[in-house]
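Q: Sequence:
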Amino acid sequence: MKVVSDAGPIIALSRIGKLKLLKRYFGRIFIPKEVYDQIVERGRGKPGSEEVEKYDWFEAKEVGNRIAVNSLSVDLEKGEAEAIILSLELEADLILMDDFNAREIAKAMGLSVLGTVGILVKASQDGIIENLKETLEELRRKGIRISNEVIEYALTLAGER
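So the sequence shown is numbered by our numbering: it starts at 1 and just counts up by one.
Hints may contain errors.
[Stated by the list, open to error] Restraint ranges, calculated between C-beta atoms of paired labels, are given here:
#: 1; residue 1: 33; residue 2: 94; range: 31 to 41 Å
#: 2; residue 1: 65; residue 2: 149; range: 16 to 26 Å
#: 3; residue 1: 107; residue 2: 70; range: 15 to 25 Å
#: 4; residue 1: 110; residue 2: 28; range: 33 to 43 Å
#: 5; residue 1: 50; residue 2: 145; range: 22 to 32 Å
#: 6; residue 1: 137; residue 2: 64; range: 32 to 42 Å
#: 7; residue 1: 65; residue 2: 155; range: 38 to 48 Å
[Claimed, not checked] Quick list of in silico lysine-lysine cross-link-like pairs, BS3-like style, CA-CA up to 30 Å:
#: 8; residue 1: 33; residue 2: 78
#: 9; residue 1: 20; residue 2: 107
#: 10; residue 1: 23; residue 2: 61
#: 11; residue 1: 107; residue 2: 33
#: 12; residue 1: 78; residue 2: 23
#: 13; residue 1: 2; residue 2: 33
#: 14; residue 1: 107; residue 2: 61
#: 15; residue 1: 122; residue 2: 23
#: 16; residue 1: 33; residue 2: 133
#: 17; residue 1: 2; residue 2: 20
#: 18; residue 1: 122; residue 2: 33
#: 19; residue 1: 20; residue 2: 122
#: 20; residue 1: 133; residue 2: 61
#: 21; residue 1: 54; residue 2: 122
#: 22; residue 1: 61; residue 2: 78
#: 23; residue 1: 107; residue 2: 23
#: 24; residue 1: 20; residue 2: 46
#: 25; residue 1: 107; residue 2: 78
#: 26; residue 1: 133; residue 2: 23
#: 27; residue 1: 23; residue 2: 2
It should be emphasised that the hints constitute simulated quantities derived from the structure, not laboratory data.
Idealized CB from N, CA, C, for every residue including glycine.
From just these sequences and the hints, can you work out the full model?
A: Structure, rendered in structure tokens:
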């Protein structure tokens, strides 16, 4: 399975010590060069920076179609735009991203999208996470914005409601 990730899920999962869920579920994770730079270079010392640099299951790739990236960058951050275009170039099975607008654009371009909360729901369903509500609250405490509606929906999916 080919999976491309934006910075959001990597940073969020790193903040709560759950980054290895990505390897467990997806194996290799492709990230665009901009996302690598955002997390490792400009984010040095922040959650995810050391892990992305040292784990060999993250693979940074250059995006070929710069025109498409520039076009999408009008509405999205550059990392999100690169993640979408890289997903199309690699014919990825899945793109990992959290930003609502970026997710909607990715879906409109025919991509399958999963976010941090969806990954945590899967881990809860598989018994890897015992208390999803507590995990989602920890994400919020660590600065990740999640609406009450998304939390309620996630808890319903995980059978905690």
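Q: Now tell me if each hint is right for this structure.
A: Verification of the hints:
{"no.": "1", "hint": "33 with 94: 31 to 41 Å", "verdict": "violated, 20 Å"}
{"no.": "2", "hint": "65 with 149: 16 to 26 Å", "verdict": "violated, 35 Å"}
{"no.": "3", "hint": "107 with 70: 15 to 25 Å", "verdict": "holds, 21 Å"}
{"no.": "4", "hint": "110 with 28: 33 to 43 Å", "verdict": "violated, 22 Å"}
{"no.": "5", "hint": "50 with 145: 22 to 32 Å", "verdict": "holds, 24 Å"}
{"no.": "6", "hint": "137 with 64: 32 to 42 Å", "verdict": "holds, 41 Å"}
{"no.": "7", "hint": "65 with 155: 38 to 48 Å", "verdict": "holds, 39 Å"}
{"no.": "8", "hint": "33 with 78", "verdict": "holds, 10 Å"}
{"no.": "9", "hint": "20 with 107", "verdict": "holds, 25 Å"}
{"no.": "10", "hint": "23 with 61", "verdict": "holds, 18 Å"}
{"no.": "11", "hint": "107 with 33", "verdict": "holds, 22 Å"}
{"no.": "12", "hint": "78 with 23", "verdict": "holds, 25 Å"}
{"no.": "13", "hint": "2 with 33", "verdict": "holds, 17 Å"}
{"no.": "14", "hint": "107 with 61", "verdict": "holds, 22 Å"}
{"no.": "15", "hint": "122 with 23", "verdict": "holds, 14 Å"}
{"no.": "16", "hint": "33 with 133", "verdict": "violated, 33 Å"}
{"no.": "17", "hint": "2 with 20", "verdict": "holds, 17 Å"}
{"no.": "18", "hint": "122 with 33", "verdict": "holds, 28 Å"}
{"no.": "19", "hint": "20 with 122", "verdict": "holds, 14 Å"}
{"no.": "20", "hint": "133 with 61", "verdict": "violated, 35 Å"}
{"no.": "21", "hint": "54 with 122", "verdict": "holds, 25 Å"}
{"no.": "22", "hint": "61 with 78", "verdict": "holds, 14 Å"}
{"no.": "23", "hint": "107 with 23", "verdict": "holds, 23 Å"}
{"no.": "24", "hint": "20 with 46", "verdict": "holds, 17 Å"}
{"no.": "25", "hint": "107 with 78", "verdict": "holds, 17 Å"}
{"no.": "26", "hint": "133 with 23", "verdict": "holds, 23 Å"}
{"no.": "27", "hint": "23 with 2", "verdict": "holds, 12 Å"}
In this structure, the hints that do not hold are numbers 1, 2, 4, 16, 20, in rising order.
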